[in-house]
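Engineer: Protein sequences appear in the order of chains A and B.
The first sequence lines up with residues 26 to 380 when you count with the numbering used here.
The second sequence lines up with residues 26 to 380 when you count with the numbering used here.
These are calculated hints, taken from the structure and not from any lab test.
Every residue, glycine too, gets a C-beta built ideally from N, C-alpha and C.
It is possible that some hints are incorrect.
[Stated by the list, open to error] Going by beta-carbon spacing under 7 Å, a handful of chain A positions derived as facing chain B:
# : residue
1 : V213
2 : Y226
3 : Y230
4 : G349
Number of protein chains: 2
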Amino acid sequence: MSTELKWTKTDQLKPKPDETSLPFGRIFTDYMLKVTYDEGQGWSEPHILPYGPIELDPAAMVLHYGQTVFEGLKAYRTTDGHVQLFRPDENMKRMNRSHRRMSIPEFDEDRMLKALIELVNIEKDWVPSHEGTSLYIRPFVISTEANLAVHPSKSYEYYIILSPVGSYYPEGINPVKIQVEDEFTRAVKGGTGTAKTGGNYSAGYNAQEKASKSGHAQVLWLDAIEKQYIEEVGSMNVLFKIDGEIVTPALSGSILEGVTRKSILELLHSWDIPVLERKISIRELIQAQKDGTLEEAFGAGTAAVVSPIGSFTYKGESYQVQSGETGELTKKLYETITGIQTGKIEDPFDWTIKL
Amino acid sequence: MSTELKWTKTDQLKPKPDETSLPFGRIFTDYMLKVTYDEGQGWSEPHILPYGPIELDPAAMVLHYGQTVFEGLKAYRTTDGHVQLFRPDENMKRMNRSHRRMSIPEFDEDRMLKALIELVNIEKDWVPSHEGTSLYIRPFVISTEANLAVHPSKSYEYYIILSPVGSYYPEGINPVKIQVEDEFTRAVKGGTGTAKTGGNYSAGYNAQEKASKSGHAQVLWLDAIEKQYIEEVGSMNVLFKIDGEIVTPALSGSILEGVTRKSILELLHSWDIPVLERKISIRELIQAQKDGTLEEAFGAGTAAVVSPIGSFTYKGESYQVQSGETGELTKKLYETITGIQTGKIEDPFDWTIKL
């Protein structure tokens with residue numbers, strides 16, 4: 026393996042884990058990528074170095090004021106043994122959008138994508154091939170200035186770490202029960218909901234714990250203002266099949282613009298299935314369930330790809346989505362996207378990049 | 026100096042800085058305090074150790090999902106040379122409230138306060154005595170589990186770092202111009218606005234940068250829902266004197282419960298000045314300014330104590346608060362609180378703890 030990047034090698038390579046029992050995000054590869062930013066100097070050349078601890082001053086801003094951004098994407102082992110990425114350019118674009126919202130200096134997307142590809146190339150042997158597995162790629166940027174004043178940092182560190190993963194949900198593609206949250210809020214227009222930043226995620230822990238206690242796998246978030254309109258499920262976008270049409274919340278300024286969501290909408294378009302991106306209220310969803318027109322419901326995101334919703338609970342009342350089984354379209358979408366990702370199905374959209 | 030706590034000593038003490046030109050939060054003392062939490066074991070015994078880098082796994086949750094909490098309080102040098110704290114028990118209580126909102130295990134407030142006092146005691150010589158200076162105390166807790174799954178961490182580290190500081194605002198007690206923000210949002214009911222957690226602070230950077238560009242020192246936040254009701258100014262609570270009465274936004278679920286705010290309300294009560302904690306809209310504020318009944322306006326927080334507002338800008342229009350000078354009551358509140366903090370004025374409320 027060779028690279029044009031600066032590469033500090035280790036001679037202590039880790040043993041590869043058992044591919045049949047991979048957890049999510051707890052095993053990491055031998056190397057990580059690091060880029061630094063200093064005011065006046067811009068982003069440095071990328072450096073590949075052994076995976077290991079990050080040293081931060083106790084006053085480093087990331088530990089106090091949450092100025093962080095991250096991304097999540099995956100490398101897949103194809104059926105013929107190659108490794109490929111799924112729409113990584115979309116993640117780089119979104120990362121820069123998140124940077125803008127969090128007052129972090131933007132970077133050169135092409136250059137950062139090239140560096141990401143080089144890192145994955147070096148760590149190719151870590152991409153698992155067992156059904157449902159992949160190499161999860163986590164780029165993230167942290168603010169490192171040692172200063173307790175509340176203002177944007179003057180220095181940053183950007184890292185990419187890699188983790189061979191199994192399914193995000195132990196349930197796999199099986200339907201989950203979700204809890205409609207009507208007290209806690211994830212995000213609001215004008216806030217940080219459209220950015221992939223840390224604070225959005227821990228803000229949901231209270232609600233997630235409440236949902237878990239009542240036997241629900243995920244939280245369905247409502248809008249912060251009227252507590253009526255559906256936003257996201259857990260940390261995924263959410264889609265419904267109602268009377269033959271797909272309805273999904275429009276990107277209104279508090280919802281993350283998911284790459285899986287985007288891909289699903291493009292797929293549905295190519296299949297001539299009508300898609301409506303609009304406001305959808307919890308009342309409308311309940312009415313559709315009562316009328317029998319709520320045919321399918323599922324979350325969509327990089328970690329789980331597609332996660333079918335078997336039932337939802339709102340104000341103590343539970344509503345089953347049809348038979349409670351994974352819907353046909355949900356299954357077809359899952360199989361098509363994972364099929365394209367793993368090279369089982371031809372990629373007519375040029376979504377994949379072969380390494 | 027002695028302590029009952031575990032104490033790792035350094036023999037390389039730093040030189041003390043020039044007290045007449047202290048920045049805010051960029052100089053740190055010789056020691057910090059550390060307490061760790063591990064699932065099943067609870068919070069460990071506190072350990073005082075030399076101020077130095079924190080080592081984190083690159084997958085440590087704080088770097089990804091923003092599960093953090095912090096506090097801010099000060100130790101003051103009294104006119105007779107002692108050192109005292111101002112209502113530190115309030116900060117410990119609020120910290121536990123923040124822990125609950127962020128799904129971080131609570132700690133024993135008394136034990137943590139005792140440890141804080143021991144640390145400040147050891148670092149007593151770092152408490153400056155020059156006018157307007159103090160030793161800023163920053164307790165903070167970070168989530169340290171190395172795991173990319175989105176859920177509460179199973180391990181935490183709690184630190185206290187200390188920084189001798191001058192005035193937070195270079196303007197000191199001089200009035201500042203503020204910008205009423207009507208696009209970006211700081212917090213919403215059901216969100217994390219009442220918790221002192223990182224994400225709330227970096228969420229405001231975009232608006233702060235916009236305000237700075239137009240020559241404003243601070244942002245005045247409106248409520249996220251109707252964009253009508255006043256919430257906070259910068260990272261301080263805000264109070265207005267209108268027609269002889271003090272009006273301040275009620276703690277409605279998106280506003281931080283400030284210790285300085287609370288102390289001011291208690292002082293005003295003791296002075297028989299009427300205080301109204303209620304909703305106040307930007308329209309009402311503008312009307313009061315036009316009618317000439319808006320007598321004073323100021324922010325209140327630990328860092329700046331009291332920060333007078335000279336004028337505010339809303340939708341391009343600027344409104345001066347009376348003569349644009351620091352109001353009489355604002356000045357009296359500043360002098361009384363800093364007087365109590367530094368022992369110049371008797372403390373009839375038992376707010377101070379002498380070390």
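Engineer: Now look at each hint and say whether the structure bears it out.
Structural biologist: Hint by hint, here is what the structure shows:
Among the interface hints, the one on V213(A) holds; its C-beta lies about 4 Å from the nearest C-beta in chain B, closer than the 7 Å criterion. Because the closest C-beta pair between Y226(A) and chain B is about 4 Å apart, less than 7 Å, the hint holds. Checking Y230(A) against chain B: minimum C-beta separation of about 4 Å stays under 7 Å; hint holds. At its closest, the beta carbon of G349(A) sits 25 Å from a beta carbon of chain B; the interface hint therefore is violated under the 7 Å criterion.
The earlier numbered hint that this structure contradicts is number 4, and it is the only one.
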